[in-house]
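Asks: For reference, the chains in residue letters:
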Amino acid sequence: MSDGLRGVVVTHGTLAGALIDAVAAITGTAEGFVAISNAGCGRERLLEEIETAVGDDPAVVFVDLPSGSCLQASAIFRRSHAHVAVVAGVNLAMLLDFALHREGTPSDAAARAREVGARALQVWEP
Amino acid sequence: MVLIRVDDRLIHGQVVVGWGRQTHMQRIVLVDDELHGSEWEQELYRTGVPDGIAVEFPSVDEAVAAFDGWRTDAPRTIVLLPDVNTVARLGAAVPLGAVNLGGIHDARDRQEWLPYVYLSPSELVLLRTLSDAGVAITAQDVPTARPVPLGELVGR
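These protein sequence lines are chains Z and X, in that order. Residue numbers for the first sequence, in this note's numbering: 156 to 281. Residue numbers for the second sequence, in this note's numbering: -10 to 145.
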């Protein structure tokens, strides 16, 4: 088991890998992260991939949209795996913060990610 | 009824955004015996349904009983089915007319026919049986893609 929580990012297309690449580019490491794309996956396959990525380690599963196949598979997985929390609406800000704060419980980390991610949403107008 | 679609991702973006907008969908009927018995999963799938769109989760038996009504009543309805077995059960009981294969992904015993259509030998038999009975079966994941007839997809 690696130190700290695992971060599993589940998205459409290549977004998950790109987000993790960006985390690595900024922090210098992508330790603890796993990217999963739903491309070519039905629900059962996606569930299997999430299960493999999480393993027995406590983890936060980040998904892109607050609905759809990524959330559905992650939420169904979460229901039978108490050591996992799911956050929908992943963005780079919350992943960066997570990369630097992988301690504590999945539930606490998920709550923090939601707060950081929401704080990153800003509108700048003249 | 504007579309009957086999899609193992059920309610997701291609259905809601792609087909939903193209067909001016007003209702989703998700026919799935497993989901029919799980209120928790129904709630999960409702999160993907836009405001103003009705959603129902009947069993296959309930779908058979309600099918004529769906064909003739007002709401523009997309019928979603999770797999080939379910569409075969439904098709054995009611006249389906046309079926869209939208997403049947890789699993044990399945062969790839399109990046979003994998079929096992037994599923192929079921689809050919439906086709022989007059059901127009095409593969098409999104409205902008070319519909591929079953015969062209897998041959005879």
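Calculated directly from the structure, the hints in this document are not laboratory data. Backbone N, C-alpha and C define an ideal beta-carbon position, used for all residues, glycine too. Misleading hints may appear alongside valid ones.
As the list claims (entries may be wrong) - Example chain X residues on the side facing chain Z (calculated, C-beta under 8 Å, incomplete): (1) R(-2); (2) T36; (3) P64; (4) A96; (5) Q100; (6) W102; (7) L103; (8) P104; (9) T118.
Asks: So, for every hint listed, does it hold in this structure?
Replies: Comparing the hints with the structure gives:
| no. | hint | verdict |
| --- | --- | --- |
| 1 | R(-2) | holds, 4 Å |
| 2 | T36 | holds, 4 Å |
| 3 | P64 | violated, 21 Å |
| 4 | A96 | holds, 6 Å |
| 5 | Q100 | violated, 14 Å |
| 6 | W102 | violated, 13 Å |
| 7 | L103 | violated, 11 Å |
| 8 | P104 | holds, 6 Å |
| 9 | T118 | violated, 23 Å |
Comparing the model with each earlier hint shows violations of hints 3, 5, 6, 7 and 9; every other hint is respected.
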